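Chains as they are written, first to last, in this note's numbering: chain X, 1 to 80; chain W, 1 to 80; chain R, 1 to 149; chain U, 1 to 149.
Worth flagging that the hints you see were computed from the coordinates, not collected in a lab.
For clarity, every value in this text was computed on a predicted model and none was experimentally measured.
Glycine included, each C-beta is placed from N, C-alpha and C at the ideal position.
Treat the hints loosely; a few may be bogus.
Some but not every residue of chain U turned toward chain X, in silico, with C-beta under 10 Å [as the list claims (entries may be wrong)]: (1) F30; (2) Y48; (3) S50; (4) Y51; (5) A55; (6) R57; (7) E58; (8) G82; (9) H99; (10) I111; (11) A137.
Listed below are the simulated PhoX-like cross-link pairs for lysine-lysine, each with C-alpha atoms no more than 25 Å apart in a straight line [unchecked claim]: (12) R:K16 / U:K115; (13) U:K16 / R:K16; (14) U:K115 / U:K41; (15) U:K115 / U:K16; (16) R:K123 / R:K41; (17) U:K16 / U:K123.
Far from chain R, by Cβ distances over 12 Å, these chain W residues were calculated [as the list claims (entries may be wrong)]: (18) M1; (19) V4; (20) E14; (21) I18; (22) E21; (23) H41; (24) R51; (25) A53; (26) G55; (27) P75; (28) G80.
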Amino acid sequence: MKTVHVQYFALLREQRGIAREDIATAAETPAELYAELRARHGFTLEAGQLRVAVGGEFAPWTLPLAAGADVVFIPPVAGG
Amino acid sequence: MKTVHVQYFALLREQRGIAREDIATAAETPAELYAELRARHGFTLEAGQLRVAVGGEFAPWTLPLAAGADVVFIPPVAGG
Amino acid sequence: MNFRISATPLDLDALKRSLSDVHAGACVTFEGWVRNHNEGKPVLTLEYESYAVLAEREGERILAEARERFPVTAAVCIHRIGHLALGDLAVWAGVSAAHRGAAFDACRYLIDETKARVPIWKKEYYADGATQWINCATRGEFAGAVPPA
Amino acid sequence: MNFRISATPLDLDALKRSLSDVHAGACVTFEGWVRNHNEGKPVLTLEYESYAVLAEREGERILAEARERFPVTAAVCIHRIGHLALGDLAVWAGVSAAHRGAAFDACRYLIDETKARVPIWKKEYYADGATQWINCATRGEFAGAVPPA
Numbered sequence: 001m002k003t004v005h006v007q008y009f010a011l012l013r014e015q016r017g018i019a020r021e022d023i024a025t026a027a028e029t030p031a032e033l034y035a036e037l038r039a040r041h042g043f044t045l046e047a048g049q050l051r052v053a054v055g056g057e058f059a060p061w062t063l064p065l066a067a068g069a070d071v072v073f074i075p076p077v078a079g080g
Numbered sequence: 001m002k003t004v005h006v007q008y009f010a011l012l013r014e015q016r017g018i019a020r021e022d023i024a025t026a027a028e029t030p031a032e033l034y035a036e037l038r039a040r041h042g043f044t045l046e047a048g049q050l051r052v053a054v055g056g057e058f059a060p061w062t063l064p065l066a067a068g069a070d071v072v073f074i075p076p077v078a079g080g
Numbered sequence: 001m002n003f004r005i006s007a008t009p010l011d012l013d014a015l016k017r018s019l020s021d022v023h024a025g026a027c028v029t030f031e032g033w034v035r036n037h038n039e040g041k042p043v044l045t046l047e048y049e050s051y052a053v054l055a056e057r058e059g060e061r062i063l064a065e066a067r068e069r070f071p072v073t074a075a076v077c078i079h080r081i082g083h084l085a086l087g088d089l090a091v092w093a094g095v096s097a098a099h100r101g102a103a104f105d106a107c108r109y110l111i112d113e114t115k116a117r118v119p120i121w122k123k124e125y126y127a128d129g130a131t132q133w134i135n136c137a138t139r140g141e142f143a144g145a146v147p148p149a
Numbered sequence: 001m002n003f004r005i006s007a008t009p010l011d012l013d014a015l016k017r018s019l020s021d022v023h024a025g026a027c028v029t030f031e032g033w034v035r036n037h038n039e040g041k042p043v044l045t046l047e048y049e050s051y052a053v054l055a056e057r058e059g060e061r062i063l064a065e066a067r068e069r070f071p072v073t074a075a076v077c078i079h080r081i082g083h084l085a086l087g088d089l090a091v092w093a094g095v096s097a098a099h100r101g102a103a104f105d106a107c108r109y110l111i112d113e114t115k116a117r118v119p120i121w122k123k124e125y126y127a128d129g130a131t132q133w134i135n136c137a138t139r140g141e142f143a144g145a146v147p148p149a
């Protein structure tokens, strides 16, 4: 188990009810982490609709998750 | 012979030295009128580089020229 | 009139406001600025001249064509005449539309057609003292010019 | 930084001045305005939210791409966040260039890529009391989204 820092935005923030939390997890990748959080919080967005950022940069879903990582799941964007 | 009113702009105005004049002419079309004026004033522009307007509207070079017509020969434009 | 020839500097805020509309989600503007060079020659200043009555008629036709071709909310184009200095605004075209594609395409259409068809002439004054009426040294600059019969 | 997320209204005069350059003959700007409808539904107000640190990084990449692809003099893009009312300015993109083709193309590139790639989200508030995070009800809105392995 390690702890990672997760920030939520937009629909994910509303569905979670908070903007950030620390998660103790055994997930080894962002993909595993999102599956875990989705099951726990009932997020309606599927992973395929999201991108993920780790440490403030877009990252592959298969990136090994380090302890202390800052993770953001990015819902479909809609600027403009 | 009839009299027509000619206005000059840009390069034609500078080559003629005045902005407008009344011309007594036997020319039956703007094409004939321009040939006459070009010979008289040494305009460097060929008719093929110009358009012509009669009465404030673009007109064909073969339009019959009426007495009192307002004629403008239009050098290559360069707005913008 | 939404196409105008202006002998005085333009009020850009007022022009922009004239495009406002709650149905519009996109606004594209084009500004033509006097730049310090043209085809490699240093330009000091410019003079624009126009046959205004025909310029405004032809300009209104261009605006009507843009409104026909593209779903726009509003379209305006103003061209300066007179002496202009480096950096001065020579022409302003603005379009609002529900969506950005139409706004970009219509604005581009306005300026392209204005440059090709509207009786406005530009004289450049160069650093070496020479001057030139642009496009008058070459043939065939006219979209739609018909040689005399 | 030439790409910014702003929680306060934009100073358009200052933004425009930041594009000025004696080498530039063309300036194209795009403004995205809050409009009163979206896909047939009456919109009352909007809320934009952003993951600003990544938005500004991705935005700077988009500006760098535009400068690589098109011969531009300057390029700037600013996106608002927070609550906006009808007619408010949501995003401003401006490009100056020696020639108008590059200015139009680069400005279009900026806004297209910003909408497709920058982490900004829009919530619409409708006249009937409903709200919606745009693009979240459908899949596949993401250019470049890679499903998890």
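Cross-check of the supplied hints:
no.: 1; hint: F30; in the structure: holds, 9 Å
no.: 2; hint: Y48; in the structure: holds, 7 Å
no.: 3; hint: S50; in the structure: holds, 8 Å
no.: 4; hint: Y51; in the structure: holds, 5 Å
no.: 5; hint: A55; in the structure: holds, 8 Å
no.: 6; hint: R57; in the structure: holds, 7 Å
no.: 7; hint: E58; in the structure: holds, 8 Å
no.: 8; hint: G82; in the structure: violated, 13 Å
no.: 9; hint: H99; in the structure: violated, 26 Å
no.: 10; hint: I111; in the structure: holds, 6 Å
no.: 11; hint: A137; in the structure: holds, 9 Å
no.: 12; hint: R:K16 / U:K115; in the structure: holds, 23 Å
no.: 13; hint: U:K16 / R:K16; in the structure: holds, 13 Å
no.: 14; hint: U:K115 / U:K41; in the structure: holds, 21 Å
no.: 15; hint: U:K115 / U:K16; in the structure: holds, 21 Å
no.: 16; hint: R:K123 / R:K41; in the structure: holds, 13 Å
no.: 17; hint: U:K16 / U:K123; in the structure: violated, 29 Å
no.: 18; hint: M1; in the structure: holds, 21 Å
no.: 19; hint: V4; in the structure: holds, 16 Å
no.: 20; hint: E14; in the structure: violated, 8 Å
no.: 21; hint: I18; in the structure: holds, 14 Å
no.: 22; hint: E21; in the structure: holds, 16 Å
no.: 23; hint: H41; in the structure: holds, 15 Å
no.: 24; hint: R51; in the structure: violated, 6 Å
no.: 25; hint: A53; in the structure: violated, 5 Å
no.: 26; hint: G55; in the structure: violated, 10 Å
no.: 27; hint: P75; in the structure: violated, 5 Å
no.: 28; hint: G80; in the structure: violated, 4 Å
This entry does not satisfy hints 8, 9, 17, 20, 24, 25, 26, 27, 28, going by the numbered hints stated previously.
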